[in-house]
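Asks: Sequence:
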Amino acid sequence: MPGVYLFKKGRKVLYVGKATSLRDRVRSYFDDDLIVTRGPRVVDMVTEADHLSFETTLTVLEALVREATLIKKYQPHANVEGKDDKSFLYAVITKEKLPRVLCVRGKDIWNNLDNRVENKTRDFSNMDILKKVLGVDVQHIFGPFPSGPQLRQALRLVRRIFPFYDTKKPVEYTSKHHRAKLEFNRQIGQYPREMTVIEYRKSIRRVALFLGGRANELRKTLVREMKRFAREERFENALEIKRELFALEHVQDVSLIKDEIDTARTKSDAVRIEAYDTAHLSGANAIAVMVVIENGVPRKRDYRMFRIRGKGNDDIASLKETLSRRLTHNEWELPSAFVVDGGMTHKKTAEKVLHDAGVCIPVVAVVKDEKHRPREIISARRAHVLEADAVLANAEAHRFAISKHRLARSRQMLGSTRNTAKK
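Going left to right, the sequence shown walks through residues 1 to 423 as full-length UniProt numbering numbers them.
Do not rely on the hints blindly, as some may be mistaken.
Calculated cross-link-like contacts (lysine to aspartate or glutamate; reagent style EDC-like; alpha-carbon spacing at most 20 Å) [to be verified]:
1. K12 <-> D44
2. K371 <-> D315
3. K220 <-> E55
4. K168 <-> E183
5. K348 <-> D314
6. K348 <-> E321
7. K220 <-> E244
8. K242 <-> E217
9. K12 <-> D50
10. K73 <-> E217
11. K95 <-> E199
12. K181 <-> D166
13. K311 <-> E321
14. K368 <-> D315
15. K242 <-> D369
16. K320 <-> D356
17. K220 <-> E232
18. K12 <-> E48
19. K348 <-> D302
20. K220 <-> E249
21. K371 <-> E240
22. K131 <-> E96
23. K169 <-> E96
24. K242 <-> E199
25. K202 <-> E240
Cβ pair distances, simulated, as ranges [claimed, not checked]:
26. H329 <-> F54: 17 to 27 Å
27. H372 <-> R409: 18 to 28 Å
28. R205 <-> K181: 17 to 27 Å
29. R23 <-> G343: 14 to 24 Å
30. R224 <-> E331: 53 to 63 Å
Note that these hints are calculated values from the structure, not bench results. Just so you know, even glycine gets a beta-carbon here, dropped at the ideal spot from N, CA and C.
Given only the sequences and the hints, what does the whole structure look like? Please build it.
Replies: So, in structure tokens, the structure goes:
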């Protein structure tokens, strides 16, 4: 389960962190080799703390935003000591007719401070300074975010759900090149489609709620709006809100998960995992995929796709067929563990296939809830696999299966079109 955790001494917050798997991450702070893996500063922090609290989130993305909100609120000593304020990044929303969402470096804010020495509060949220940096008024600032690449990736994910502009120049800027770039990016889905100012500002308000760490409030707002549209029989609008809600609760990004694994793993944890998933549409165009995660890194050259020969709508039979075919390839390197999507039945099916083939490798199962989010990881500890590793492998297998299935459907549709044209 993803979320954030806080090490405390009394009421004082010493450190705020985020995790893909709270259990794995918190457990890592109490390993015997903590001083080797995390350094003396972390050991001192853990020793000083007298209790720990945590908050669960629906997604890793939400945990990333919540971490930044709590760091800004508490200014924990262990989060900021020894780190240059200029290395942090901030997300800002401009105050314009069509607001933009931009990333600002702490370095740029710092260079515009009139009195840097006296700025001991680490408060970089002065709107006048931001106006000086960006050349435009700012209505919201979010952060600090410790990881710049993660913030940028998070904004890319948020933009898929709630469209916004991130152009360097105002959207209303009318140069020929600027307008052409806007239109091109609209066509490829990077920028919002043509919408009214009111519609666009509504999307920006949702971005502000999410980046402000108020995801629960955002979800409640969307549910109310969806119900109102349904009552008014504006079903297309209600369906659009439903899609946004689904995306908000299911957004999962492999790069965000991988970063969590990198900080949790030690050298002795090195593992190679094979994960499997299937995809079909009412049994048609059924495929299965195998992905490989080695030491937290996807090895895409080892990915494989299998066209299901049996009944495509039987997940158990498809898993059995896929594993059986995989084990005929002696030239493929065997993993440290197999990860399957499903519950105990899927796990036992995989174990039987392996046993019948004379292969003794542990199997981990990722159980999903009704919203297709990881609810339980079965046998991860027994297989000596980090839960975050299992989640990463499962998420990557799901992503790869969906992309390959879409490609298979597209090819089938293209073939049908050509046959029709020949007639």
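Asks: Does each hint hold? Answer for all of them.
Replies: For each hint, the structure was consulted:
1. Taking the CA atoms of K12 and D44, the gap is about 15 Å. The hint holds against a cut of 20 Å.
2. For the proposed pair K371 and D315, the alpha carbon gap of about 18 Å is at most 20 Å, so the pair holds.
3. Proximity of K220 to E55 is assessed by CA-CA distance (about 19 Å); at most 20 Å being required, the pair is judged to hold.
4. Proposed proximity of K168 and E183 is supported: the alpha carbons are some 15 Å apart, at most 20 Å.
5. Note on K348 and D314: the hinted pairing holds, with a Cα-Cα distance of about 16 Å set against a maximum of 20 Å.
6. For the hint linking K348 to E321, the alpha-carbon distance of about 14 Å falls within 20 Å, and the restraint holds.
7. For a cut-off of 20 Å, the pair hint linking K220 to E244 stands: about 12 Å separates their Cα positions.
8. Between K242 and E217, the direct Cα distance comes to roughly 16 Å. Compliance with the 20 Å bound is thereby established for this hinted pair.
9. Note on K12 and D50: the hinted pairing holds, with a Cα-Cα distance of about 10 Å set against a maximum of 20 Å.
10. A distance of roughly 19 Å separates the Cα atoms of K73 and E217; the hinted pair therefore holds under the 20 Å criterion.
11. Distance check on the hinted pair: K95 and E199 sit about 16 Å apart at the alpha-carbon level, within 20 Å; holds.
12. Only pairs whose Cα atoms come within 20 Å are accepted, and K181 paired with D166 is accepted, the gap being roughly 12 Å.
13. Distance restraint check for K311 and E321: the Cα-Cα separation of roughly 10 Å lies within the 20 Å cut-off, and the hinted pair is therefore satisfied.
14. About 14 Å separates the Cα atoms of K368 and D315, which keeps this hinted pair within 20 Å; it holds.
15. For the given pair, K242 sits about 18 Å from D369 by alpha-carbon distance, which is consistent with the 20 Å threshold.
16. Restraint check: the Cα-Cα separation between K320 and D356 comes to about 11 Å, which is no more than 20 Å; the hinted pair holds.
17. Restraint check for K220 and E232: the C-alpha separation of about 19 Å stays at or below 20 Å, so the hint holds.
18. Restraint check: the Cα-Cα separation between K12 and E48 comes to about 11 Å, which is no more than 20 Å; the hinted pair holds.
19. Between K348 and D302 the alpha-carbon distance is near 25 Å, which puts this suggested pair outside the 20 Å criterion.
20. As the CA atoms of K220 and E249 are separated by approximately 12 Å, the hinted pair is consistent with the 20 Å bound.
21. For a cut-off of 20 Å, the pair hint linking K371 to E240 stands: about 18 Å separates their Cα positions.
22. Pair hint K131 plus E96 holds up; C-alpha atoms about 12 Å apart against a cutoff of 20 Å.
23. With a C-alpha separation of about 11 Å, the suggested pairing of K169 with E96 holds against the 20 Å cut-off.
24. Taking the CA atoms of K242 and E199, the gap is about 17 Å. The hint holds against a cut of 20 Å.
25. A hinted pair counts as satisfied when its Cα atoms are at most 20 Å apart, and K202 with E240 qualifies at roughly 14 Å.
26. At about 43 Å, the CB distance of H329 to F54 disagrees with the hint of 17 to 27 Å.
27. Between H372 and R409 the C-beta distance comes to about 20 Å, which sits within the given range of 18 to 28 Å.
28. For R205 and K181, the Cβ-Cβ distance of about 26 Å falls inside the hinted range of 17 to 27 Å, so the restraint holds.
29. About 19 Å separates the C-beta atoms of R23 and G343, a value consistent with the hinted range of 14 to 24 Å.
30. For R224 and E331, the hinted distance range of 53 to 63 Å is satisfied, since their beta carbons lie about 57 Å from each other.
Hint compliance for this structure: hints 19, 26 are broken, all remaining hints hold.
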